[in-house]
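J.: Here is how the chains run, residue by residue.
2 protein chains.
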Amino acid sequence: MTIATDPLLAAIPASRPDVVRVARLPAGFVAAGTTAGIKASGRPDFALVASDGDPVPVAAVFTPNRFAAAPVRLSAANLRATGGTADTRGYARAVISTSGSANAATGPVGDEDQASIGSAVATALDCRPSEVLHLSTGIIGARLPVDLVTAAIDRVARDELRAEDAAFAAAAEALRTTDSVTKAASATVDAPGVDGGTVRITVTGIAKGVGMIHPRMATMLSIVLTDATASPATLHAILRRAAATTWDQLSVDGDTSTNDTVYLLASGRAGAASADTDADARAALAAAVEAVARDLARQQARDGEGATALVTCQVTGAADDADARAVARAVISSSLVKAAVHGKDANWGRIAGAAGNALVTESAILEAAGLSPSEAATKAGRPAHVDPATLRIAIAGNLAYDGPAGGPQPIDKAAARDAMDAEEVLIRLDLGLGDGTGEAFGCPLTEAYVRENSEYTT
Amino acid sequence: MTIATDPLLAAIPASRPDVVRVARLPAGFVAAGTTAGIKASGRPDFALVASDGDPVPVAAVFTPNRFAAAPVRLSAANLRATGGTADTRGYARAVISTSGSANAATGPVGDEDQASIGSAVATALDCRPSEVLHLSTGIIGARLPVDLVTAAIDRVARDELRAEDAAFAAAAEALRTTDSVTKAASATVDAPGVDGGTVRITVTGIAKGVGMIHPRMATMLSIVLTDATASPATLHAILRRAAATTWDQLSVDGDTSTNDTVYLLASGRAGAASADTDADARAALAAAVEAVARDLARQQARDGEGATALVTCQVTGAADDADARAVARAVISSSLVKAAVHGKDANWGRIAGAAGNALVTESAILEAAGLSPSEAATKAGRPAHVDPATLRIAIAGNLAYDGPAGGPQPIDKAAARDAMDAEEVLIRLDLGLGDGTGEAFGCPLTEAYVRENSEYTT
Chain A
1 MTIATDPLLA AIPASRPDVV RVARLPAGFV AAGTTAGIKA SGRPDFALVA SDGDPVPVAA
61 VFTPNRFAAA PVRLSAANLR ATGGTADTRG YARAVISTSG SANAATGPVG DEDQASIGSA
121 VATALDCRPS EVLHLSTGII GARLPVDLVT AAIDRVARDE LRAEDAAFAA AAEALRTTDS
181 VTKAASATVD APGVDGGTVR ITVTGIAKGV GMIHPRMATM LSIVLTDATA SPATLHAILR
241 RAAATTWDQL SVDGDTSTND TVYLLASGRA GAASADTDAD ARAALAAAVE AVARDLARQQ
301 ARDGEGATAL VTCQVTGAAD DADARAVARA VISSSLVKAA VHGKDANWGR IAGAAGNALV
361 TESAILEAAG LSPSEAATKA GRPAHVDPAT LRIAIAGNLA YDGPAGGPQP IDKAAARDAM
421 DAEEVLIRLD LGLGDGTGEA FGCPLTEAYV RENSEYTT
Chain B
1 MTIATDPLLA AIPASRPDVV RVARLPAGFV AAGTTAGIKA SGRPDFALVA SDGDPVPVAA
61 VFTPNRFAAA PVRLSAANLR ATGGTADTRG YARAVISTSG SANAATGPVG DEDQASIGSA
121 VATALDCRPS EVLHLSTGII GARLPVDLVT AAIDRVARDE LRAEDAAFAA AAEALRTTDS
181 VTKAASATVD APGVDGGTVR ITVTGIAKGV GMIHPRMATM LSIVLTDATA SPATLHAILR
241 RAAATTWDQL SVDGDTSTND TVYLLASGRA GAASADTDAD ARAALAAAVE AVARDLARQQ
301 ARDGEGATAL VTCQVTGAAD DADARAVARA VISSSLVKAA VHGKDANWGR IAGAAGNALV
361 TESAILEAAG LSPSEAATKA GRPAHVDPAT LRIAIAGNLA YDGPAGGPQP IDKAAARDAM
421 DAEEVLIRLD LGLGDGTGEA FGCPLTEAYV RENSEYTT
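Chains as they are written, first to last, in the numbering used here: chain A, 1 to 458; chain B, 1 to 458.
Only chain A is shown next, with the shape it has when bound in the complex (with noise of 0.2 Å):
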């Protein structure tokens, strides 16, 4: 028998760089993480993460959702303010996290909330507003308590921004809204030196989501840190590729929120030749970001809303890439497949269904990948290549069907539903038909996601 060596079958692989869930705090930053008073439970609300010296380069992934909350429009407008050209990169000095209240939908007075804050923070650091970059998350529709944010602003400037890994936890813990655990992620890679030889870069990030939060709409936050060096252009590329194919293949119920921000800084103190002119050194910082990332994403895929598992989805053999993603989204995004993972069914033929079914509709994404904007355009809500005849799918393990061989294979149930009582349930597809790769991470959708949903009034 040599099915256990079909690489279908295979376990999940890691991530390459290794990354440890540690807050490892990058050289050239400082971080802080506290109670300001905005949750009336009393539990930590407030990040601020800083550079130490000069502002650094920065780049951005903001939430598509049209009804954007003030934080990001204001950080959007301060990016183009630093960088010149466009609202996804510039210059920042710091990023200022507060959870309880989103700040979305508040209108003129919620525009004027957060600039306040910004004002406060750039006072405390002596730098400019627009240098100062913003994440909230929380209640919609209720505004921000300034006068508590601006006095939790002053005390940490002055007294609690430090250069240490526990600070830079501290964060994590306050980007929490009620994640059941705090989100970190780090890899350290060799680069070349500036000056010859080789250096050692960190890229950390923190991360909150899509746990509940009151009123429980997904967000999906994260701060990563690198003492790499790079343009604001360049790390745009490098966190909008890290993202096409980490947190844009991340769904817990398909709903987008209105604050779902990433931010990349770069202090440049590991003293790496810069990625924007030496490849080897781009190569290093790409490749941990990704990874960093892809470990976040799935770190908040297994702490989504009553979820009980991370599902993965593997899908290979795809005509590119971009297929490939568009299929593992689909599997992880369909609610009978998620039914499915959550009854311990190795049900195949949903997994077909939703793959039959999978449109390719990040026009953006591959833009931003490098495609010109039409050839992106041809690619943009069309359906992905899926043939039935040579598509074969793994289930935790276990050949479900195998087009070429005929389509369904015989399973042993008990065995299968053995198999995917586990932290991590791994649904593989082969396309057979080309080269193209991706995976997506999603949850099991339970009864637990329904009632946190449903019993509740804003």
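Warning: the hint list may mix true and false statements.
[What the hints assert, rightly or not] Facing chain A, according to a computed beta carbon distance under 10 Å, are these residues of chain B, among others:
(1) ASN65
(2) ILE140
(3) LEU391
[Stated by the list, open to error] Pairwise CB distance ranges (calculated):
(4) B/SER180 / A/ASP421: 27 to 35 Å
(5) A/ASP421 / B/SER41: 25 to 33 Å
(6) B/ALA415 / A/VAL109: 23 to 31 Å
(7) B/ALA81 / A/THR85: 56 to 64 Å
(8) A/ARG162 / B/ALA415: 45 to 53 Å
(9) A/PRO145 / B/ALA415: 26 to 34 Å
(10) B/VAL20 / A/ALA86: 53 to 61 Å
(11) B/VAL20 / A/ASP412: 47 to 55 Å
(12) B/ASP435 / A/ALA405: 48 to 56 Å
[Said to hold, decoys possible] Covered stretches of chain A (in silico footprint by chain B; criterion: 3 or more residues with CB under 8 Å from a CB of chain B, positions within the stretch not fixed):
(13) 57-67
(14) 95-106
(15) 404-411
These aren't lab readings, by the way, just hints derived from the structure by calculation.
Note that the Cβ used here is the ideal one computed from N, Cα and C, for glycine as well.
Guided by the hints, dock chain B onto chain A, whose structure is given.
T.: The following block gives chain B in isolation, referenced to the frame of chain A:
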């Protein structure tokens, strides 16, 4: 207080022309529904609908799922054989429907099974196998019991086909799987007669789903008959446009099955002028088909898996109709909105968030509606235009968000909860941007949906 006259707060408008939920059989057709024995339960599982003479013009809309089942692929090939140009229109003598096995993912043997059934119908009715169209729903990956089906074909063709409403109602009953009610809708309208004057044309549709079947793949099947006169090409244009505003706007759980199919057959027996050449005849037929399709879609949403109510989202003031439909679809497809409706929570934040995330992905639909492929492509996979400053949202008659008036509105939560405790929950959005309108139909997300889709093994 003038707020009660705000059109945003009005009740849901009825379909025009009037629709009755009766299986009135249009002239020129015969029908039967019976038990072939496919289902172990012994419930009706076999329907046959046929023209009472020559083959008649027919149009079809098939699932876009790349994993389309054998009955879908065979029917498309048959239409290509009889219509000469496309696989979505041609001529048909009969439609045969079986339930209990979807005949999906059954490989070459499944294709042979379906072809055998078509041959048996052709023999029994003395027509060509290519003039037989197929519908099937049920377990994926299981073979149809061909012997049982062919025995039923012989018996029904010989003894049971009737030109009676009761026979068409029996066919509707046999289309059901575990639908909680039989679904039929009929409209009768005036149309110009072929010899001058006015005649009455009837359009009647029967449908199943999206009730549960084993393995509970949500399946949408419908047969629509009319005694109006039209060519296959005209029928297809009318059906595609009607589907774009009705069935394409229906979502129970976001999964599109491998078997979804709608057929529209026209006997020409009412003596109406041809919809191909007479604009009034075409308008009358198109209006009746759309009204029937809309009513069937509403019945299907109301009977969705675990559904406790019908959720209708109506959008006005959009930049164009495609945008309005995309926003309506995004709202009724959002798990968070669906869970909020289940909880009777007037959660406008989730509705706004879903609307702000709407993607226009209906290029094929837009093409069918008359846009050129390049015009359609420019609209595919693009965000819909939504502006928080002009957006207004009403939930079950309660104005919850008013962008021009500053945003969130005070709402009587107890009154809103009472208003949402209804058979139909109406969510209205006025985007305040243009004249585009659209609607979509869905159902709440309930614990019962999760239970029904996780607590079983295929």
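J.: Are 3 or more residues of the stretch 95-106 of chain A near chain B, judged by a Cβ distance of less than 8 Å?
T.: Our answer is that it holds, as 3 residues pass the Cβ test (under 8 Å) against chain B, meeting three.
J.: Please check whether B/SER180 and A/ASP421 have a Cβ separation lying inside 27 to 35 Å.
T.: Holds, at about 33 Å.
J.: Could you say whether the range 53 to 61 Å given as a hint is met by the Cβ separation of B/VAL20 and A/ALA86?
T.: Holds: the Cβ-Cβ distance is about 58 Å, inside 53 to 61 Å.
J.: At least three residues with a C-beta closer than 8 Å to a C-beta of chain B: is that true for the stretch 404-411 of chain A?
T.: holds (count 3)
J.: Determine whether the Cβ-Cβ distance between A/ARG162 and B/ALA415 falls within the hinted range of 45 to 53 Å.
T.: holds (51 Å)
J.: Tell me whether the statement that chain B covers the stretch 57-67 of chain A is true, taking a Cβ distance below 8 Å and needing three residues at minimum.
T.: Coverage by chain B holds here, the residue count being 4 at a Cβ distance below 8 Å.
J.: Is 26 to 34 Å respected by the C-beta to C-beta distance linking A/PRO145 and B/ALA415?
T.: holds (29 Å)
J.: Against chain A, with CB atoms and a cut of 10 Å, does the hint on B/ASN65 hold up?
T.: Holds, because the Cβ-Cβ distance from B/ASN65 to chain A comes to roughly 4 Å (cut-off 10 Å).
J.: Please check whether B/ASP435 and A/ALA405 have a Cβ separation lying inside 48 to 56 Å.
T.: holds (55 Å)
J.: Restraint: B/LEU391 near chain A, CB-CB cut 10 Å. Satisfied or not?
T.: Holds. Min distance 8 Å.
J.: Is 47 to 55 Å right for how far apart the beta carbons of B/VAL20 and A/ASP412 are?
T.: holds (52 Å)
J.: Go ahead and decide if the range 56 to 64 Å is satisfied by the Cβ distance of B/ALA81 to A/THR85.
T.: For B/ALA81 and A/THR85 the Cβ distance comes to about 58 Å; the hint holds.
Going through the hint list in order, the structure satisfies each hint without exception.
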